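Use the sequences and the hints to build the structure in full.
The listed protein sequences correspond, in order, to chains A and B. All the letters of the first sequence, read from the start, carry residue numbers 1 to 254 under the numbering used here. All the letters of the second sequence, read from the start, carry residue numbers 1 to 334 under the numbering used here.
Incorrect hints may have been included.
[Claimed, not checked] If you anchor each label on the Cβ, the simulated ranges turn out as follows:
1. B/Arg330 <-> A/Gly30: 51 to 57 Å
2. A/Gly40 <-> B/Ala223: 35 to 41 Å
3. A/His142 <-> B/Leu33: 28 to 34 Å
4. A/Val87 <-> B/Asn96: 55 to 61 Å
5. B/His92 <-> A/His142: 52 to 58 Å
6. B/Leu27 <-> A/Lys134: 36 to 42 Å
7. A/His142 <-> B/Ser157: 53 to 59 Å
8. A/Asp72 <-> B/Leu114: 19 to 25 Å
9. B/Ala328 <-> A/Gly30: 43 to 49 Å
10. A/Pro179 <-> B/Arg330: 31 to 37 Å
11. A/His142 <-> B/Ala123: 35 to 41 Å
12. B/His299 <-> A/Phe14: 55 to 61 Å
[What the hints assert, rightly or not] Quick list of in silico lysine-lysine cross-link-like pairs, DSSO-like style, CA-CA up to 30 Å:
13. A/Lys214 <-> A/Lys167
14. A/Lys11 <-> A/Lys165
15. A/Lys214 <-> A/Lys165
16. A/Lys165 <-> B/Lys222
17. B/Lys317 <-> A/Lys144
18. A/Lys144 <-> B/Lys227
19. B/Lys317 <-> B/Lys334
20. B/Lys222 <-> A/Lys167
21. A/Lys11 <-> A/Lys214
22. A/Lys11 <-> A/Lys167
23. A/Lys165 <-> B/Lys227
24. A/Lys144 <-> B/Lys222
25. A/Lys165 <-> A/Lys144
26. A/Lys144 <-> B/Lys334
27. B/Lys317 <-> B/Lys227
Please keep in mind that the hints were generated in silico from the structure rather than gathered at the bench. These numbers were taken from a predicted model, which means no experiment stands behind them. Don't be surprised by glycine CBs; every beta carbon is placed ideally from N, CA and C.
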Amino acid sequence: MQPVFEVRNLKRAFGGLAVTNDVSLSMAPGDRVALIGPNGAGKTTFVNLVTGNLAPDSGEVRLGGETVTGIDAIGRVRRGLVRSFQVTRLFLDMTPAEHVALAVLQRDGRSGRLFGNFLSMPDVMDEVGQLLGKLGLRELMHRKVSEIAYGQQRLLEIAVALALKPKVLLLDEPAAGVPQSDTGRIEQALADLPADLAVLMIEHDMDLVFRFAKRVVVLAAGAIIFDGSPSDVTQDPRVREAYLGSYANASHAA
Amino acid sequence: MTMTTTNDLITQTPAKRRFGGGDLIGLSVILALAVVGYFLFPTNLALLTRIIAIALLVLSLDLVTGYCGVATLGHAALFGAGAYAAGIASAHYGINDPLAMLAFGIVAGAVAGLVCGAVILRAHGLPQLVLSIALIHLFHEFANKASSWTGGSDGLSGIAPSALIGLYEFDLWGRTAYVFGVVLLALVFALLRLIVRSPFGMLCRAIKEDPVRIRSMGASPKAALMKMYVISGAVAGVGGALNAISTQVVGLDSLSFTMSAESLVMLVLGGTGSLFGALTGTIVFMFFEDVVSAANPFHWLTMVGALLIAVVLFAPKGLYGTAAAIVARRREAK
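The structure is reproduced here in C-alpha cells:
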C-alpha cells in the first residue's frame with residue numbers, strides 16, 4: 001500500500017549532539033504504530049521535526065506522496081498531519097463544543113467568517129454532537145474546559161484532532177496524567193479511531209502500547225534501533241539493553 | 001436508546017448562546033442611557049459626544065487587547081488617523097459631507113491598524129508594548145511635523161461638516177453630533193457583538209489563550225490578528241472621525257501616548273474581553289474625571305488614581321467583569 005507518511009534519513013543535531021540521527025520511517029493508512037524510547041531518546045525532537053516546528057539539518061518528510069519538509073507546521077496540519085499534546089493544550093475559558101466547532105470550521109476554511117454563530121450551523125453542530133458523543137463528552141459540551149476532569153480534557157484533545165480529519169495522527173502520550181480509573185475510556189477512544197487513519201503514538205505506558213500498537217518503533221540516542229511487532233520488541237537484545245531491560249526482567253520475574 | 005438529532009442539539013442549546021441575548025439588552029441600555037443623558041445634561045452634550053468617541057476607541061482597543069491578548073499602549077494612533085483623515089478631507093479638500101468624512105476616517109483608521117498591526121505583531125510581551133509606544137510617538141511626531149496638513153501643535157481647524165444627510169445641521173448645542181454619535185455607537189456595538197460571537201471571534205479568543213495550539217489546528221494566529229487589527233482600526237477611525245466632526249478641530253492629543261494609556265486604563269476599569277466592559281469603563285472614567293476635576297481642580301488626578309487602585313485591587317476583572325462574575329456565580333448557586 002502507498003505510504004501516507006514517510007520520513008527519510010532525518011537528521012538534526014544541537015551543537016555536536018545528534019538528537020535525531022538518520023531516522024527513516026514509513027506508515028500506510030490504517031497503521032497503528034507506537035514510538036517508544038527512554039527519556040532523552042529524541043522522541044520530542046522527532047515529533048517537532050515531523051510536525052514542522054523544528055527544521056531538520058537534512059532528510060525529508062513526505063505526506064501523502066508530497067514532500068513537506070519545507071512547509072511550515074500550519075501547512076502540514078492543513079495537509080492532514082495532526083498532533084495531540086503530551087500536556088493538554090486546550091482553551092480553558094472555552095467549551096468542548098467551541099473547541100470541536102473551531103476545528104471543524106478551520107478544517108473547512110470557515111474560521112475567518114465574521115458573521116454567524118456555529119451554534120446555529122446545523123452541519124457544524126452535527127459533527128460537534130457526533131464527535132463529542134463518541135467520546136462521551138456530549139453532556140459537557142457547554143461547560144468550560146477548566147471545569148471538566150483531566151481525563152475528559154485528554155478525550156477532548158482527541159476529539160479536536162479528529163475534527164480536523166487527519167490522514168496521520170500523532171498522539172503524544174494520550175493517557176499521560178490520567179487516573180487509572182479513566183484510562184479505559186481513553187483506550188476505548190483509541191480503539192475507535194477511524195480504520196483508515198495512520199496513527200503514531202508516543203507512549204511510556206507499555207501496557208497501553210502492547211494493547212494499541214500493531215507495530216513498535218524504538219528510538220534510542222536519536223536513532224531507530226527496532227522496528228517490528230510488539231511481540232518481538234521485548235525479545236530484541238538492543239531494546240532490552242536500551243530501554244526495556246527492567247520491564248522485561250520484571251515480566252519474566254512475574 | 002434515544003437518538004438526539006442535530007436540530008435537538010441546536011434547540012437544547014440555550015437561546016442566549018445562539019442569538020446572544022445580550023445584544024438586544026446591550027443596545028437597549030445604550031439607547032436608554034443616551035436618552036437619559038440627553039435630558040439630564042442638555043447643556044453638556046459635547047461631553048457626552050466626546051464620551052461616545054472615546055468609547056469607540058476603547059471598544060476598538062478591546063478587540064485587540066481584550067479579545068486577542070495583544071499588549072498595546074499606542075492605540076490612539078488609529079483613533080488619531082481617523083480624526084485627521086476626516087478633518088483633512090474637510091479642511092483641505094472641501095469634503096464636508098459627514099458620512100463621507102466618516103468613510104475617510106474608517107479607511108484611515110483601518111490603514112493605520114494595518115501598519116500598526118504589521119509592526120506590533122512582530123513581537124510579544126514587553127517588546128510588543130515598547131513597539132506600540134514607539135509607534136504612537138512616531139505618529140504623533142509625524143502629525144506634528146506635517147503641520148501644513150495637520151496644523152501641527154495648533155491643531156487642524158477649518159473643519160466644516162455640512163448638514164447630516166442634508167437635513168440636520170451641526171448646531172452649537174451639539175444635538176446633531178450627539179444623536180449622530182449615539183447612532184454610530186449603536187451600529188458599531190451591534191456589529192462588534194456579531195463579530196465577537198462569529199467563528200472569527202471564537203478563533204481570536206482561542207489565539208489569546210494559546211497561539212501554539214491554534215497553529216496545531218492549522219490556523220495562522222498572525223493572519224487572524226492582522227485582520228482583527230484592521231477591524232479595530234476601522235472602529236477607532238469611526239471614533240476619530242466622530243470627534244473631528246463634532247468638535248470641528250483635531251489636535252495632536254488625539255494621537256498621543258496619554259490618550260492611548262487612558263484608553264487602556266478605561267478598558268481595565270470596565271473589564272477586558274467584553275464590549276460591555278469597554279463601555280462601562282469609558283463612561284465611569286470620563287464621568288468620574290469630569291466630576292472630580294470640577295469639584296477639586298488641584299487634586300482630581302489623585303482621586304482618579306485612587307479609584308483605579310481600588311478597582312484593580314478589589315475588582316481585578318474590572319467593574320463590569322466583576323459584576324458579571326458575581327451574577328454568574330449566583331445563577332450557578334441557584
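Straight-line alpha-carbon gap A/Lys165 to B/Lys222, limit 30 Å:
Cα-Cα ~24 Å, so holds.
C-beta pair A/His142, B/Ala123: status relative to the range 35 to 41 Å that was hinted:
holds, 36 Å
Outcome of range test on Cβ distance (A/Asp72, B/Leu114; 19 to 25 Å)
With a Cβ separation near 23 Å, A/Asp72 and B/Leu114 satisfy 19 to 25 Å, so the hint holds.
Do the Cβ positions of B/Leu27 and A/Lys134 conform to the proposed distance bound of 36 to 42 Å?
At 40 Å between Cβs, range holds.
So if I understand the rule, the pair passes when the alpha-carbon distance is 30 Å or less; does A/Lys144 with B/Lys227 pass?
It holds: about 27 Å lies between the C-alpha atoms, which stays within 30 Å.
Looking only at beta-carbon atoms, does the pair A/Gly40, B/Ala223 fall within the given range of 35 to 41 Å?
holds, 37 Å
30 Å limit on alpha-carbon distance, applied to hinted pair B/Lys317 and A/Lys144
holds, 18 Å
May I ask you to test the hint 53 to 59 Å on the CB atoms belonging to A/His142 and B/Ser157?
The hinted range 53 to 59 Å holds for A/His142 and B/Ser157, with Cβ atoms some 55 Å apart.
Tell me if the straight-line CA distance from A/Lys165 to B/Lys227 falls inside 30 Å.
Holds, because 26 Å separates the two Cα atoms, which is no more than 30 Å.
Against the 30 Å threshold, does the CA-CA distance of A/Lys214 and A/Lys167 hold or violate the hint?
The hint holds at about 18 Å.
Distance restraint between A/Lys11 and A/Lys214, which requires alpha-carbon spacing of 30 Å or less
holds, 26 Å
Mind checking the alpha carbons of A/Lys214 and A/Lys165 for me, to see if they're no more than 30 Å apart?
holds, 22 Å
Hint violations for this structure: none, all hints satisfied.
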